[in-house]
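Enquirer: Taken in order, these protein sequences are the chains called W and R.
Mapping of the first sequence onto numbering that gives the first Met the number 0: residues 0 to 203, in sequence order.
Mapping of the second sequence onto numbering that gives the first Met the number 0: residues 0 to 203, in sequence order.
If you're looking for bench data, these hints aren't it; they were derived computationally from the structure.
Note that this is a predicted model, so its numbers are computed, not measured.
Treat each hint with caution, since some may be false.
[Unchecked claim] Think about it this way: if two alpha-carbon atoms lie no more than 30 Å apart in a straight line, the pair counts; the simulated DSSO-like pairs of lysine-lysine are:
#1 W:K26 x R:K162
#2 R:K78 x W:K48
#3 W:K48 x R:K55
#4 W:K55 x R:K48
#5 W:K58 x R:K26
#6 W:K48 x R:K26
#7 R:K8 x W:K58
#8 R:K58 x R:K48
#9 R:K8 x W:K78
#10 R:K78 x W:K8
#11 W:K8 x R:K58
#12 R:K202 x R:K58
#13 W:K48 x W:K8
#14 R:K48 x W:K58
#15 R:K55 x W:K55
#16 R:K48 x W:K26
#17 W:K26 x R:K26
#18 R:K55 x W:K8
[To be verified] Part of the chain W face toward chain R, derived, beta carbon under 10 Å:
#19 I7
#20 A32
#21 K48
#22 I91
Glycine is no exception: its CB is placed at the ideal position from the N, C-alpha and C atoms.
Protein chains: 2
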Amino acid sequence: MLRDNHSIKLLDEAVEAFSSLPGVGRKSALRLALHILNQPRESVDRFVKSISSLSKDIKYCPVCRMISDSGLCPFCGDKSRDSSIICVVESIRDVLSIENTSQYNGHYHILGGIISPMDGVGPNDLPIKELIDRIASGDVLEVVFALSTSMEGETTSFYLFKKLSQFPIKITTIARGVGFGDELEYTDELTLGRSILNRQLFKP
Amino acid sequence: MLRDNHSIKLLDEAVEAFSSLPGVGRKSALRLALHILNQPRESVDRFVKSISSLSKDIKYCPVCRMISDSGLCPFCGDKSRDSSIICVVESIRDVLSIENTSQYNGHYHILGGIISPMDGVGPNDLPIKELIDRIASGDVLEVVFALSTSMEGETTSFYLFKKLSQFPIKITTIARGVGFGDELEYTDELTLGRSILNRQLFKP
Numbered sequence: 000m001l002r003d004n005h006s007i008k009l010l011d012e013a014v015e016a017f018s019s020l021p022g023v024g025r026k027s028a029l030r031l032a033l034h035i036l037n038q039p040r041e042s043v044d045r046f047v048k049s050i051s052s053l054s055k056d057i058k059y060c061p062v063c064r065m066i067s068d069s070g071l072c073p074f075c076g077d078k079s080r081d082s083s084i085i086c087v088v089e090s091i092r093d094v095l096s097i098e099n100t101s102q103y104n105g106h107y108h109i110l111g112g113i114i115s116p117m118d119g120v121g122p123n124d125l126p127i128k129e130l131i132d133r134i135a136s137g138d139v140l141e142v143v144f145a146l147s148t149s150m151e152g153e154t155t156s157f158y159l160f161k162k163l164s165q166f167p168i169k170i171t172t173i174a175r176g177v178g179f180g181d182e183l184e185y186t187d188e189l190t191l192g193r194s195i196l197n198r199q200l201f202k203p
Numbered sequence: 000m001l002r003d004n005h006s007i008k009l010l011d012e013a014v015e016a017f018s019s020l021p022g023v024g025r026k027s028a029l030r031l032a033l034h035i036l037n038q039p040r041e042s043v044d045r046f047v048k049s050i051s052s053l054s055k056d057i058k059y060c061p062v063c064r065m066i067s068d069s070g071l072c073p074f075c076g077d078k079s080r081d082s083s084i085i086c087v088v089e090s091i092r093d094v095l096s097i098e099n100t101s102q103y104n105g106h107y108h109i110l111g112g113i114i115s116p117m118d119g120v121g122p123n124d125l126p127i128k129e130l131i132d133r134i135a136s137g138d139v140l141e142v143v144f145a146l147s148t149s150m151e152g153e154t155t156s157f158y159l160f161k162k163l164s165q166f167p168i169k170i171t172t173i174a175r176g177v178g179f180g181d182e183l184e185y186t187d188e189l190t191l192g193r194s195i196l197n198r199q200l201f202k203p
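Use the sequences and the hints to build the structure in full.
Expert: The structure is reproduced here in structure tokens:
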């Protein structure tokens, strides 16, 4: 912002802080810092407290590892949801995306990562034993894999499949295919190929 | 994010907080909140402290009203700058924009607003008396208006001109290189820098 001999430390530090956020460049960071300067003290306090609380007070569901305000997450704690089906996802964000569709009413299991030898993440770094324990407890009828189609995602799905095939449950994976509204000509070959192999009866 | 029956209060509040920032929509706010969740406690503490300090500990220069860490701002406190020339601007951001051009080495006077009857801002709401006092003290040889070319900016320049014409000083305004209707903060550095170098006598 300002050359060294005129720098204002408090401003520079706030700009630095905002720049650390994903997708926020230095110009936007400056804009945000100046916005903060224009806000009444109390609303800045509220802003700061919300973010601080998210980091400090958030709990993780002991069953599925979703975030929660306290104890069980809103899904594991909801008796109206189907506890016989568990959807395995990589992240909290994936749960939010799936919930957004209003098409799923079961429980979740959040791995918090995927098996990736390149990044030094092995099966033992993920809560896979916890997933097996949930299934071993006997109430689960189906596990749905909703992991990414990357090499790591496929590896993780395959690893889980081997581990879970000892149980008398249905193991499924979300359908892959050409997205709604996507043009065939712009769809990658792998996706298009899979969607032909996995073609389904046309039900008009 | 989540429907009411599954909402997670701590997450919702953080998303709400981020959404209150200018230019941050709900999707980006969610991304930022999830980013915060992934950060170690200490870096969130640092982030929050920088923003809190900016709001709580920032001082305003008693001479020109620029922000500062303490006492005089870096410009008024810099003996190598020319104190015989004062540039009148609307906001802190305008000072940063002008400094960015490296074309100005004088002092500033920040109005913190412009005369705008529509918004209920009159001359008495701005530190105009303070500007007159600075000039009356006798060291000032030139005042440069660097206000926006909006109706309100022009009105303010004209009002200041009338007030300052009692003094034996040069009154200038930045050159009309800045497009009409353009805001100083969005003007490219070359145009803004040129418009300061080519400042012209204010002729109402």
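Enquirer: Checked against the structure, which of the hints given earlier come out wrong?
Expert: 1, 2 and 12
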